[in-house]
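Engineer: Here is what each chain is made of, one letter per residue.
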Amino acid sequence: MANKKFKTSETVDFIVVGSGASGGIIARELSQAGNSVVLMEQGPRLSPGDFDHDELKVRQLSGITNNPAVSPQTFRDDPTKKATQRNGRNPLTYARIVGGSSAHFNANFWRFHEIDFHERSVLGSISGTGFADWPISYAELEPYYTKVEWEVGVSGLAGASPFDPPRSKPYPMPPLPVKSSGVLFERGARKLGLHPFPAPMAINSILYKNRPPCVQCGLCGNFGCEVMAKSSSVWTVIPEAEATGKCEVRSESYVFRIGMNPKGRATGVHYFDKDKNEQFQKAKAVVVCANGSETPKLLLNSATDAFPQGLANSSGVVGKYLMFNKGGGAQARFEHPLNEYRGANVTRILQDFYHSDPKRGFYGGGGMDARSGGPLGWGQDTPEGTPEWGEGFKEYLESYTYWMNASGHGTSLAVETNRVDIDPELKDAWGIPAMRVTYKDHPDDMKHAAWQRDLAVEIMDAAGAKEIVPGEIRNGNGGVHLLGTCRMGDDPKTSVIDKYHRTHDVKNLFLCDGSSFVTSGRGQPTETIEALAFRAGDYISQFAKRNEI
Amino acid sequence: MQVDQPISSRRQFLTSTSILASSTWLTMNWPQIVSAAEHADHAGHDASIAAPTSFTTLTPVEVTEVEAIANQIVPKTNTPGARDAKVIYFIDRALGTFWASELPAFRSGFAEFQAAYAAHCSTTAPFSAGGNARQIAWLHEVDSTPFFQTVRRLTLVGLIASPKYGGNFEKVGWKLLGFEDRHVWKPPFGYYDKDYPGFEAYPGTKPYMA
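Line by line, the protein sequences are chains A and B. Numbered per the working numbering, the first sequence spans residues 1 to 549. Numbered per the working numbering, the second sequence spans residues 1001 to 1210.
One thing to keep in mind: the hints can contain errors.
Stated by the list, open to error - In silico contact screen, one side only, chain A against chain B (beta carbon under 7 Å); selected entries: (1) Leu56; (2) Ala160; (3) Pro177; (4) Lys179; (5) Ser180; (6) Gly343; (7) Gly373; (8) Pro375.
For the record, the hints were derived by calculation from the structure and aren't laboratory data. Remember, it's a predicted structure, so these values are computed and weren't measured experimentally. For every residue, glycine included, the Cβ atom is placed at its ideal position computed from N, Cα and C.
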């Protein structure tokens, strides 16, 4: 079906800002419910043939991600310091194409567990944090997790983990084939009495929903999937939204301000088109799904006389409580080649230590996986004692196929001073005030990461590794899991959106993406972002039908 | 498009999959299709890569000296080194285009490197003219400097990045790592998954599939 086109002067029912994991789903849900929708995306729309295996372009030259040269950010680890740009790098990275970060993710799809939603009630407060319960429960979200798995497509083995949360249906596809890192990880973990299991991945293992199975090219993380096996919005829900004839995908359209009227209602969005001309699209309501960095930036840059500290920010917490998912791990070398550059990046995980255990003396929980990546970057860092150049270094380079990673993924605590706000001086290539990032890991996050690293070493040792390189635990200075910056809650004084993703301050403005998170979860947020999006789409459609927007 | 015709390009293949994805035929023929596409893709890709023959950014002196440093970072042994991989062409291109902002610091670091070498060795001959032992000894003196670290980083990227950027000539960098440039893989991927017996359920669990 030809892409629907709306005029900017036409008042559409909804504008959805951001076409990633959540935006694509919400656009589908709203358009399938009969609403007219314009789905705005900063970046271009790429076809499968536009994705390639060029590691330099994708990993180091911002081929499909936000580019520091035109979308710069500043960083500081202390709110009393002046934030600065760092050597051509941005602290916060996301894909800037139709499909958003769902196009370039690794596709690890972990559900949250029940504890994630009410952990504050179980453990009590944690000093120096905004640790809080979610206003919704796992049981409320479970049907939407199932919907993600079946509508978008997830492969895995239900019930394999003794720690699996309750589920109403199995995965629609069997797990992907195990690779050597998965076998070794499973071997080591089982020897320690742990319970590794096949990784749930948003990658087709069989022909599913008219998309082919994975060809095991090995380049998932950071890359778009050129055979469409990875369950990205651009191949899954967005075409379904367009098929309604009521949804226009407007790519290369950079929304920089939300329009407001004197009655305190959103009227549409101001944006730059691909020629950098300013446009205004009218709408009855706006749903921002721009990710945990761009969503607060847009609200803060939309300040008006009535909302002087930013839109929907009467609580003052827009942009605050930024979380990344901290973790620790180890690299290990084995006797024979693993060839980890082949196959989907992750095939085995464990969640034995998902819950925080007060006996450890710090807060933190998570999971661990066996993973790998492409060759570019190999040798930039070397294990202690390995030469950094010369013949000995070359021998290290030649050992590339013998190594794997055991990587921990865990909690990051919500700290009020960790935030995204607006840099007072820096502007982007469109003249829009740029984002400033302030971040320092909570001490418990550092301790938990070190604990995970030690566990990874233990597992790799039990697996028979010939050499193990424990990862360094450094203070986080950026990330790709952008969480918590417009948190959900019942109290308008301490949160930005209610449990239905409606902002407390603006009745026809909704937010849904990683910014909605109250806690970080244990490392893999995308399935939860997508479950929230299906749920939000459901409720917002009902509100529209009942004329409650 | 006829599905039983040879697929001449990767793009053509990708277009065809979107048309045919729902068919049983695709399920049955997927591996063969992809293999054909992969072969076509890389055959075309390789043919399109011409070895670079000229420099656009670095001076002849810089080319000679930096290549000599790079070739000590990844030396030729019984396998090719940085010179064989033509990483200097990558460095020339990188500093002239996507990493051009680093060129001024690179040049001032190079000048310091040359001056320090001349003073330390009491010679007017350049680093590249020194013997192997002298070169190695001097690089040990300066291998923590920002200039050396920059050359090291560029050498590695030039060794491993796609040949289309000028280095990794004839994929010698990938061959050095044991990385085989293919589009499609099937298990077993490595030594340890060859004889994997299958996932064994834990007591008390009941894994189930759709």
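Engineer: The structure should be examined with respect to each hint, and the outcome stated for every one.
Structural biologist: Verification of the supplied hints:
no.: 1; hint: Leu56; result: 4 Å, holds
no.: 2; hint: Ala160; result: 4 Å, holds
no.: 3; hint: Pro177; result: 4 Å, holds
no.: 4; hint: Lys179; result: 5 Å, holds
no.: 5; hint: Ser180; result: 4 Å, holds
no.: 6; hint: Gly343; result: 5 Å, holds
no.: 7; hint: Gly373; result: 12 Å, violated
no.: 8; hint: Pro375; result: 5 Å, holds
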